[in-house]
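Student: Given next are the chains, with one letter for each unit.
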Amino acid sequence: SQTIHQWPATLVQPVGSPLSLECTVEGTSNPNLYWYRQAAGRGLQLLFYSVGIGQISSEVPQNLSASRPQDRQFILSSKKLLLSDSGFYLCAWSVTGGRSNQPQHFGDGTRLSIL
Amino acid sequence: GESVGLHLPTLSVQEGDNSIINCAYSNSASDYFIWYKQESGKGPQFIIDIRSNMDKRQGQRVTVLLNKTVKHLSLQIAATQPGDSAVYFCAELNQAGTALIFGKGTTLSVSS
Numbered sequence: 022s023q024t025i026h027q028w029p030a031t032l033v034q035p036v037g038s039p040l041s042l043e044c045t046v047e048g049t050s051n052p053n054l055y056w057y058r059q060a061a062g063r064g065l066q067l068l069f070y071s072v073g074i075g076q077i078s079s080e081v082p083q084n085l086s087a088s089r090p091q092d093r094q095f096i097l098s099s100k101k102l103l104l105s106d107s108g109f110y111l112c113a114w115s116v117t118g119g120r121s122n123q124p125q126h127f128g129d130g131t132r133l134s135i136l
Numbered sequence: 026g027e028s029v030g031l032h033l034p035t036l037s038v039q040e041g042d043n044s045i046i047n048c049a050y051s052n053s054a055s056d057y058f059i060w061y062k063q064e065s066g067k068g069p070q071f072i073i074d075i076r077s078n079m080d081k082r083q084g085q086r087v088t089v090l091l092n093k094t095v096k097h098l099s100l101q102i103a104a105t106q107p108g109d110s111a112v113y114f115c116a117e118l119n120q121a122g123t124a125l126i127f128g129k130g131t132t133l134s135v136s137s
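So the sequence lines, in the order shown, correspond to chains Y and W. Heads up: the first sequence is residues 22 to 136, going by this note's numbering. Heads up: the second sequence is residues 26 to 137, going by this note's numbering.
Just so you know, the hints here were simulated from the structure itself, not pulled from any lab data. Don't take every hint at face value.
One side of the interface only, derived from the structure: several residues of chain Y facing chain W at Cβ under 8 Å [stated by the list, open to error]:
no.: 1; residue: N51
no.: 2; residue: Y55
no.: 3; residue: A61
no.: 4; residue: R63
no.: 5; residue: L65
no.: 6; residue: L67
no.: 7; residue: L111
no.: 8; residue: G128
no.: 9; residue: D129
Chain Y residues, not near chain W, derived (Cβ > 12 Å throughout) [claimed, not checked]:
no.: 10; residue: V33
no.: 11; residue: T45
no.: 12; residue: S86
no.: 13; residue: S107
Virtual Cβ for every residue (Gly too), placed ideally from N, Cα, C.
Okay, chain Y solo, but in the shape it has when bound (with noise of 0.2 Å):
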């Protein structure tokens, strides 16, 4: 079975700190991958999405930037933290697709405090 995992599950990091989140999928290959945001208290608002190593597509523009070194590992990043940054990070995976009706399946994400 597909399993998801993201870590830490929880982080607390100063203003302009480096930030990396890390998310890996095991038991499916060349998944579509995405980072979600989740602000205390509201839906989710989709950050970044993948169907490929190495292809990101950024969905607004903000602070933070995401990469896939391989086909399973999604990463998010930021050179410089800021205090909007603090929020709920949830990482996804759906089976690949041109056309993404399928669902989407959620790691446990990681609650970013920045302070």
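Go by the hints and put chain W onto chain Y.
Tutor: Leaving out everything else, chain W in the frame of chain Y:
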């Protein structure tokens, strides 16, 4: 533009009652919808999906109804249990067909 919203931010029911959570969407061309359940501190969990060529789809204790005429989606939970307490999100596929757009969520509270 694309947006997905829910009619009520909170819903309180008694254990054993049926629950109905509603969602309105704006993109008439959307052809794929999903309901998720999110418990505190966890990621959203897939419940059920429906494609636009269907009006109704049933799962275990859950039914999703799609009314394309009024762009309305609902999730029905039969015999609601305390373990059903969570935030429920509807989501639709975006126009590009690349990712899901989520609504803000409805918090379901089930009392014994």
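Student: Each of the hints needs a verdict: does it hold here or not?
Tutor: Right, here's what the structure says about each hint:
no. : hint : result
1   : N51  : violated, 15 Å
2   : Y55  : holds, 6 Å
3   : A61  : violated, 11 Å
4   : R63  : holds, 6 Å
5   : L65  : holds, 4 Å
6   : L67  : holds, 5 Å
7   : L111 : holds, 5 Å
8   : G128 : holds, 5 Å
9   : D129 : holds, 5 Å
10  : V33  : holds, 16 Å
11  : T45  : holds, 14 Å
12  : S86  : holds, 17 Å
13  : S107 : holds, 16 Å
The structure fails hints 1 and 3 (numbered hints given earlier, in ascending order).
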